[in-house]
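Colleague: Here the structure of chain A is known, so what remains is to put chain B in place on it, guided by the hints.
These protein sequences, in sequence, are chains A and B.
Just so we're aligned, residue 209 is where the first sequence starts under the working numbering, counting upward by one.
Just so we're aligned, residue 209 is where the second sequence starts under the working numbering, counting upward by one.
Treat each hint with caution, since some may be false.
Any copy will do: because identical chains look the same in the list, a pair fits if it lies in one copy or spans two.
Said to hold, decoys possible - Think about it this way: if two alpha-carbon atoms lie no more than 16 Å apart in a straight line, the pair counts; the simulated EDC-like pairs of lysine to aspartate or glutamate are:
| id | residue 1 | residue 2 |
| --- | --- | --- |
| 1 | K314 | D433 |
| 2 | K469 | D279 |
| 3 | K314 | E436 |
| 4 | K278 | E321 |
It is worth saying that the hints were derived from the structure and are not from the lab.
Protein chains: 2
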Amino acid sequence: MQICCKRKDRNRYDTTSHFFPNNSMPSNARIYVGIDAGGSKTELVAAKMQEEELLNLFGPCGNPARVGFKDSADVITDLIVQAVERLQGESIASVCAGVAGAGRPKDQHLLHEGIRSRLKDRIPTSARDVPVRVTHDSLIALEAAFEGESGIMVISGTGTVSLARTNSGEFLRAGGWGYLIGDEGSGYALGADGLRAVAHAFDGGPDTALCDLLAASGDVTSKEDLFEVVYKKKTPLQRFARIVIQGACDGDPVAERIVRKHIALLTEQVCWLADRCSAIRPRITLLGGLANNPFYRKRLSSALLERLSGWECMQPLNRPVIGAWRMANDMTQGEGLAGSEQGTSA
Amino acid sequence: MQICCKRKDRNRYDTTSHFFPNNSMPSNARIYVGIDAGGSKTELVAAKMQEEELLNLFGPCGNPARVGFKDSADVITDLIVQAVERLQGESIASVCAGVAGAGRPKDQHLLHEGIRSRLKDRIPTSARDVPVRVTHDSLIALEAAFEGESGIMVISGTGTVSLARTNSGEFLRAGGWGYLIGDEGSGYALGADGLRAVAHAFDGGPDTALCDLLAASGDVTSKEDLFEVVYKKKTPLQRFARIVIQGACDGDPVAERIVRKHIALLTEQVCWLADRCSAIRPRITLLGGLANNPFYRKRLSSALLERLSGWECMQPLNRPVIGAWRMANDMTQGEGLAGSEQGTSA
Chain A
209 MQICCKRKDR NRYDTTSHFF PNNSMPSNAR IYVGIDAGGS KTELVAAKMQ EEELLNLFGP
269 CGNPARVGFK DSADVITDLI VQAVERLQGE SIASVCAGVA GAGRPKDQHL LHEGIRSRLK
329 DRIPTSARDV PVRVTHDSLI ALEAAFEGES GIMVISGTGT VSLARTNSGE FLRAGGWGYL
389 IGDEGSGYAL GADGLRAVAH AFDGGPDTAL CDLLAASGDV TSKEDLFEVV YKKKTPLQRF
449 ARIVIQGACD GDPVAERIVR KHIALLTEQV CWLADRCSAI RPRITLLGGL ANNPFYRKRL
509 SSALLERLSG WECMQPLNRP VIGAWRMAND MTQGEGLAGS EQGTSA
Chain B
209 MQICCKRKDR NRYDTTSHFF PNNSMPSNAR IYVGIDAGGS KTELVAAKMQ EEELLNLFGP
269 CGNPARVGFK DSADVITDLI VQAVERLQGE SIASVCAGVA GAGRPKDQHL LHEGIRSRLK
329 DRIPTSARDV PVRVTHDSLI ALEAAFEGES GIMVISGTGT VSLARTNSGE FLRAGGWGYL
389 IGDEGSGYAL GADGLRAVAH AFDGGPDTAL CDLLAASGDV TSKEDLFEVV YKKKTPLQRF
449 ARIVIQGACD GDPVAERIVR KHIALLTEQV CWLADRCSAI RPRITLLGGL ANNPFYRKRL
509 SSALLERLSG WECMQPLNRP VIGAWRMAND MTQGEGLAGS EQGTSA
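For reference, chain A alone in the conformation it holds in the complex (with noise of 0.2 Å):
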């Protein structure tokens, strides 16, 4: 587990006028913990009020769906144990995890009870009645964001969710329907859709350069190979959205359809988001691994922007563990639950 103390350049959005929510020194100035449990990596953050990062500590996965319940509730505790070792002395006010693959309140819940009892045994008495609050990892991307204010957060990695919150703190979700009857717009539907139209051609249909990437990128020179890839190796089909953008961007007809199909159907998607309350500040942000892509961005920003006229798309104003450790602050201030909550849900 990496450890680094005050590394201020790991936050990669510039963070010096909007880390904290306001500029007033508190009259207990204790510390506050944030965590981002992804998929990749967890990260944990903590800070006083007025002070830059103290610590910022990282570990393995922390996604329940991915590693189960135990794993990620270790994971997270683990983090919290050696925060609390490093920072002896001081007064840890609370502590919120933003966690991926914990969007039901039922998982939240689990993991809350699972953190809880782990800590009981490995922290002293004195830290033990430290707040902790499990909650989604979209909603501290959202919080960190916007810092807390309005607008719409869109999210395209492997799957695709977009969150919006409005002038008066309310959460409205659209999309998140995962990969079987969701997921527009996502590198998980690009990818299987390049398969489909790869598929398509073997049987006689439309031509696609998109046979020739595959084919470039790996094994797939046949159907027996498309089956393989598909069903025996279990491929993570979002792997094949780097050939349908690429595809798209040599100007193959069927890998532009494509694109512009998924760009359409998250746009609708963002748009039933921005129709169901008027009171939203008109303003987008992009967030995942697709969005991160330079074409695909322009196009959906693009598409954003032409059917949402007057809104703006910006980068996110901090990285998605501040967003917690905003929400720990918010815990101590009587805003926050400690405990679990419905994340995601409008």
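Modeller: Frame of chain A; chain B shown alone:
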């Protein structure tokens, strides 16, 4: 295991004039055995060339993709052993088994070896040299449908696949790519798109009668329920095809759009097949659970005949097990292979 001797009424289609490849009395009036190993049951038919069925036996599901190769080989072997016992004194010339879920040559080979080794232990030495052939169930259905002549067969059940036999006896396939990158026009695809439309309605998208139909049919009245049904209970999505068809029958525009989209995609697939070889007798037969739905069947046949002018849509001439019986017969005419083969590849 149910045993029915000489039950000709089990042969759903009129077989009096179609059952036998020719009406000439062969010199060696030996017995041929056909087996249809499907997802719900396995059926065996034994008959001489010039007589009606001597034996019609039934066993449980024999699809290795569902029950595994061991159980599949057991089910098929059990039926062959029973047939040998029942037909004591008669000479079995050959056995052909059409097996669902065994489209790949190596799976067919594995199954063939499993059946051969079991037969070695279980039947008298004198009967051991009976040649056994394993093929895909779609091929026996095609053989049965057109009695070994040319035409296109479209199967639309849980999945979809289209198969053609050309005038020169070549086989062509389109579709059959499974639920992740194929199955356009299938029960699975209709069901998945139906639930997707319900998800969209929850998100603020177009309202649809599918929400009420889904609520009336089960327990889906909330977002949480929808997730639960798809990802936790892992309900087979093809179960929801019927509500989509119901919705389309009732005139719901969203359901109507889903049915229209899938009929068009499946029609396109069949046209690719027809375009790949002009030497196909212009006739189509529709098989599979979804194709048996009158509304869907009418829509699909209309769409096909609109695109393929001069073609006819007909009932299959025989039920699939008769195709296996016919192929068993071919094996002793030097036309078939005793062993495994690539059943469904073009």
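Colleague: Now tell me if each hint is right for this structure.
Modeller: Here's how the hints hold up against the structure:
{"no.": "1", "hint": "K314 to D433", "in the structure": "between (41 Å within a copy, 13 Å between copies)"}
{"no.": "2", "hint": "K469 to D279", "in the structure": "neither (38 Å within a copy, 44 Å between copies)"}
{"no.": "3", "hint": "K314 to E436", "in the structure": "between (37 Å within a copy, 12 Å between copies)"}
{"no.": "4", "hint": "K278 to E321", "in the structure": "within (11 Å within a copy, 44 Å between copies)"}
Hint violations for this structure: number 2 only, all remaining hints satisfied.
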